[in-house]
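Engineer: Given two chains presented individually in distinct reference frames, assemble the corresponding complex, making use of the accompanying hints.
The lines below spell out each chain.
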Amino acid sequence: MSGLRARLRQERPMPLDVAFHCRPGEVLALVGPSGSGKSSILRAVAGLMPLARGRIECDGEVWLDSLHGRFLPARRRRVGMVFQDYALFPHLSALDNVAEALTDRPRAQRRARAGEWLERVHLKGLERRRPAEMSGGQRQRVALARALAREPAVLLLDEPFSAVDRATRERLYLELAELRRELAMPVVLVTHDMGEAALLADRMYIVHEGRGLQAGSPEELLLRPASALVARLVGHRNLHPGRILGPSATPGRVVVDWRGIHLEAAAASGIPGQGVDWLIPEGVVQLMRRQGPPRRRWENVLPGRVAEAVTLGDAVTACVLVRDEPSRRIRMRLSLHAARRNRLAAGERVEISLPPEAIHVMPSGGR
Amino acid sequence: MDWSAFRVSIALGLWTLLLLVPPSLLLSRWLAWRRFPGRALVEAAVAVPLVLPPTVLGFYLLEGVGADTTLGRAYRAVTGGELVFSFEGLVLASVLFNLPFAVQPMQRAFEAVPRGVREAAVTCGLSAWRAFWRVELPLAWPGLLSAVVLVFAHTLGEFGVVLMVGGNIPGETRTLSIAIYDRVQAFDEPAAARMSLFLLVVSVAAIAATVRLGRGAWRDVSRRARRGGS
Numbered sequence: 001m002s003g004l005r006a007r008l009r010q011e012r013p014m015p016l017d018v019a020f021h022c023r024p025g026e027v028l029a030l031v032g033p034s035g036s037g038k039s040s041i042l043r044a045v046a047g048l049m050p051l052a053r054g055r056i057e058c059d060g061e062v063w064l065d066s067l068h069g070r071f072l073p074a075r076r077r078r079v080g081m082v083f084q085d086y087a088l089f090p091h092l093s094a095l096d097n098v099a100e101a102l103t104d105r106p107r108a109q110r111r112a113r114a115g116e117w118l119e120r121v122h123l124k125g126l127e128r129r130r131p132a133e134m135s136g137g138q139r140q141r142v143a144l145a146r147a148l149a150r151e152p153a154v155l156l157l158d159e160p161f162s163a164v165d166r167a168t169r170e171r172l173y174l175e176l177a178e179l180r181r182e183l184a185m186p187v188v189l190v191t192h193d194m195g196e197a198a199l200l201a202d203r204m205y206i207v208h209e210g211r212g213l214q215a216g217s218p219e220e221l222l223l224r225p226a227s228a229l230v231a232r233l234v235g236h237r238n239l240h241p242g243r244i245l246g247p248s249a250t251p252g253r254v255v256v257d258w259r260g261i262h263l264e265a266a267a268a269s270g271i272p273g274q275g276v277d278w279l280i281p282e283g284v285v286q287l288m289r290r291q292g293p294p295r296r297r298w299e300n301v302l303p304g305r306v307a308e309a310v311t312l313g314d315a316v317t318a319c320v321l322v323r324d325e326p327s328r329r330i331r332m333r334l335s336l337h338a339a340r341r342n343r344l345a346a347g348e349r350v351e352i353s354l355p356p357e358a359i360h361v362m363p364s365g366g367r
Numbered sequence: 001m002d003w004s005a006f007r008v009s010i011a012l013g014l015w016t017l018l019l020l021v022p023p024s025l026l027l028s029r030w031l032a033w034r035r036f037p038g039r040a041l042v043e044a045a046v047a048v049p050l051v052l053p054p055t056v057l058g059f060y061l062l063e064g065v066g067a068d069t070t071l072g073r074a075y076r077a078v079t080g081g082e083l084v085f086s087f088e089g090l091v092l093a094s095v096l097f098n099l100p101f102a103v104q105p106m107q108r109a110f111e112a113v114p115r116g117v118r119e120a121a122v123t124c125g126l127s128a129w130r131a132f133w134r135v136e137l138p139l140a141w142p143g144l145l146s147a148v149v150l151v152f153a154h155t156l157g158e159f160g161v162v163l164m165v166g167g168n169i170p171g172e173t174r175t176l177s178i179a180i181y182d183r184v185q186a187f188d189e190p191a192a193a194r195m196s197l198f199l200l201v202v203s204v205a206a207i208a209a210t211v212r213l214g215r216g217a218w219r220d221v222s223r224r225a226r227r228g229g230s
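Chains A and B are the protein sequences, given in the same order. Counted from 1, the first sequence has number 241 at position 241 by my numbering; the numbering is strictly sequential. Counted from 1, the second sequence has number 15 at position 15 by my numbering; the numbering is strictly sequential.
In isolation and in its complexed conformation, chain B is listed as follows (with noise of 0.2 Å):
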């Protein structure tokens, strides 16, 4: 096991979820509950990772954020570090391919929010903050959880944007997945079948965890239903 790798996995993974969950919170909330012009265009944006080949997406970063580039230059004077081939850059390809992934589950799970419950917390005369967190927030729970789950096992598994952009510097950029591509390559099998089913019982672990979130919910509401009866 290569362990460098794993904590940089890990690493990834909670710099991902902090800095992707606030912003898609709010994100998927607008785009539960309000109608505008263009909603479906910002919807679709918001999709393409799901389809775009991570290698674009890691070459249109290398190219947007590279050394030379005028963003990388700004990071660069401001931090004094790198987006390309560094542990930061790699966060924030980690955020743009799991956009999706964080605000589509979010998206449903507001959406299953019935307006006259959310209106009711208006005219209760709850606060905004109050009504997010007394009665959106409880009731979108399972769905908010499952889009962190999915999110972080992502994070671990992702490769192609990973390679493009981070490449392949241990202790930095060297993830779970470079590692086994890694081990592979120099004919170290032991150890890549370790990080492997590591990889692979976070993987099932993470499914299991939505689905039984997604259903937990279900089954919670209709047990309460059937004990509500008239």
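The following block holds chain A by itself, in its conformation from the complex (with noise of 0.2 Å):
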């Protein structure tokens, strides 16, 4: 098996429990909150971090089996490490931080190679700075050719635009991107931001309180979360409890019970009376016009009054009491401009939809 996987546990000073694995070529994003345990996921593939229990293998060489008293030393592990504050070597040229992880090279060769590293992360011209003397997206960049420079086997990036303005961290996000296709082994991205894991990685692993919950591609953990908890760790706003009621006269859809509302959703199968959470994403929100085609074409039309209208940018973020019912809110998010065409305000009656294929249903339980 090439590429990285790993299997990790232990229940002190914190409690963890994952298991994942990441192909080469393949941007593998560890999601999760601050605090739950990403990092330590990181520090623990590199071998800075002792663990308890578990099982790394990267590219055939098993790093950790705590079952057979392995463990390989952070120095002679092949990874390519970028810190969430890069933790360049403050008192070293960009040139000889990078010179640094050439080590195992002939001394004269060294330099030479660790410039061309510079000049593939953009840096050319830069070579004699030092840290202080440059930007966080120089810094960045310079953390990124130290750790490709040793060519790792696995490449692990821990929260590596935290440090950067926004707009210095949309176009790293370009570079990464770009880079990314050149390189062949696995890459493990630490994250707290569910909007930068979706842009950078092939696949997502949630992580809550150290525990793996969830694996799959942006998408699916998006539309699909397996439980209410990783529906609200990746963002979702619009979950709910209800209750099954059967199947729907549609094939391929049940009808869920929410407080009193029958609602038409996608599910492939559901036991009657079975507890679900069920959630739909705010951007699929219908709201009805107000001289709009019949009411007939759309389904779980259900009316309500307009708590709140956010405007931001473009878009407007409005919360709609379902029959005024303040525990029955929905979150919906529309143009700017069919906000104002439909006179979307606080207080306004409106009428809104759920499209059923929109609306993800899951066993409850899992919050």
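Derived from the structure by calculation, the hints contain no laboratory data. A hint or two may mislead.
Among chain B residues calculated to face chain A with C-beta under 7 Å, some are [as the list claims (entries may be wrong)]:
hint: 1; residue: G116
hint: 2; residue: V117
hint: 3; residue: E119
hint: 4; residue: V122
hint: 5; residue: G125
hint: 6; residue: P138
Computed far set for chain B versus chain A, every beta-carbon distance over 10 Å [claimed, not checked]:
hint: 7; residue: L26
hint: 8; residue: A44
hint: 9; residue: A45
hint: 10; residue: G81
hint: 11; residue: I169
hint: 12; residue: G171
hint: 13; residue: V201
hint: 14; residue: A208
hint: 15; residue: L213
All residues carry an ideal CB built from backbone N, CA and C; glycine is no exception.
Structural biologist: Here's what the structure looks like:
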């Protein structure tokens, strides 16, 4: 098995229970709130943190096998790591920072090779600068060049974009996306930013309180989270409890009872009476046009009152209290243009539609 | 100026540094980065000479390594020399007495090296030795140097322990501070004044050097940070 395969467990000092693999050339994002143990996972893979139990295999080489008492020391693991604050050697120039990662090469080659790496991350001409004389984005690039210079078996990125401003971040995203096409090793990215993960990763692994919850493509995790907890962690806010009433007249659907309101939802099966959680993404909730097409073309139509409408740039996020009931809150997002045309504002009465195929039903109990 | 006392003092300072610095580097680095049960106890033990009256330390050294003690006999069997009223005994006392002056600043200096930077050295594949020379030492350098200066100056000025353990043997254990005492007792004030002035200058220079090293390191960092901006 090539790539990285890890299974990590411990109870102290913080609980950890995760299992994942990352194929060569793949970007796997470990996503979770701060303090969820993501960075510890990365440190364990790098060998910087001892671990009671687990197995880590990379490129066919066993780095950790607690069952057979094997532990490969960190400096012998071929790891390229970009730390959260980059952890550059502050007293060394950009070139020497990268050259330090090349100590397994003949002395004469190191600086030339380091220069090539700096050129590759667009830092030609800044070789002699020290970290403090560079911008956040430039420092991040030096850290990336230093991590890659070793030609590591795995690239580990610990919140690599958290220390730079937004504009720089967007530029670095593009650069990383470009660079990763040339990289043949597995890349593990730790981030708390769902959007960042969805943008950069092929697959995501949701981590919460040290426990791995679900792995899958960004789309899969966004549209079909396995539990209400995962749904909340990936940022869903239209998340409600309900109960399955039975199959719908339309095949492939069930009817879900939501505090007395019956909703059609796409679901292969469901036991009548079973408690569930259901969600609908904010962007797919439809606002019924005031003089729009006849009502029967829409499904799951609910009347309500707009509790608040917040404009953010060219989009409006509104919160609708269905049947004026504060516990039945549906958030929706629509373009500023659509909101104006329909006179969407706090206090207005509206009708909204929840498309059944966009409703995702999960077994309850996972919160 | 009592030149033989001057030579004894300088030799004592250098020998103390030579014997004290390597173990202090190891101990301070260990205390700075390792968390282990009993760490506070080790730190307290290192700090004891700061508050212990020099005569008390001297007394226990006399009791512990005197000619008739086990250690004293063992030392004589191996080297043929004595550990009390000898230069070797002075060095031993000086090393013990200076332990906190070396370890504490060094520990602060190592603690100031960010953990991430040390870990980056590891993930870059640097050997422990190379990480020490290329990363840890350069970053901790000002603190280490001020420890060296402090220890040297402190050794020149030490009086109580030296008198207790070494006595006042010209050319062997009579250091500058003992010589000053000796000259004052003999009403030779001009000689005492010259030596006192010398030690005063050395002490002020040492303190100025450590302050400058500390501030210099800080200025260097803030200057780089300013230039860095974002």
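Engineer: Does A45 of chain B sit more than 10 Å from chain A, CB to CB?
Structural biologist: holds (27 Å)
Engineer: Against chain A, run the beta carbon of G125 of chain B and see if the smallest gap drops under 7 Å.
Structural biologist: Nearest chain A Cβ about 5 Å off; hint holds.
Engineer: According to the definition I'm using, a residue is off the interface if its beta carbon is farther than 10 Å from all beta carbons of the partner; does A208 of chain B meet that for chain A?
Structural biologist: At roughly 24 Å from the nearest Cβ of chain A, A208 of chain B sits farther out than 10 Å, so the non-interface label holds.
Engineer: The output says L26 of chain B does not contact chain A. Does that hold with a beta carbon cutoff of 10 Å?
Structural biologist: holds (20 Å)
Engineer: Against chain A, with CB atoms and a cut of 7 Å, does the hint on V117 of chain B hold up?
Structural biologist: V117 of chain B check passes; min Cβ-Cβ to chain A is 5 Å, inside 7 Å.
Engineer: Please verify that hint: V122 of chain B, Cβ, nearest Cβ of chain A, below 7 Å or not.
Structural biologist: holds (5 Å)
Engineer: Could you let me know if the closest chain A CB is still more than 10 Å away from the CB of G81 of chain B?
Structural biologist: Fine: 44 Å to the nearest Cβ keeps G81 of chain B off the interface.
Engineer: At 10 Å, judged by beta carbons, does A44 of chain B keep clear of chain A as stated?
Structural biologist: holds (25 Å)
Engineer: Can we confirm that no CB of chain A comes within 10 Å of the CB of G171 of chain B?
Structural biologist: With a cut-off of 10 Å, G171 of chain B remains clear of chain A, as the shortest Cβ separation is near 45 Å.
Engineer: Please settle this one: V201 of chain B was flagged as non-interface, so is its CB more than 10 Å from every CB on chain A?
Structural biologist: Given that every Cβ of chain A is farther than 10 Å from that of V201 of chain B, nearest at about 33 Å, it holds.
Engineer: Per the CB criterion, is G116 of chain B less than 7 Å away from chain A?
Structural biologist: Check passed: Cβ of G116 of chain B comes within 3 Å of chain A, closer than 7 Å.
Engineer: Quick check for students: does the CB of L213 of chain B sit more than 10 Å from each CB in chain A?
Structural biologist: L213 of chain B is indeed farther than 10 Å from all Cβ atoms of chain A, at 15 Å.
The structure is consistent with each of the numbered hints, conforming to all of them.
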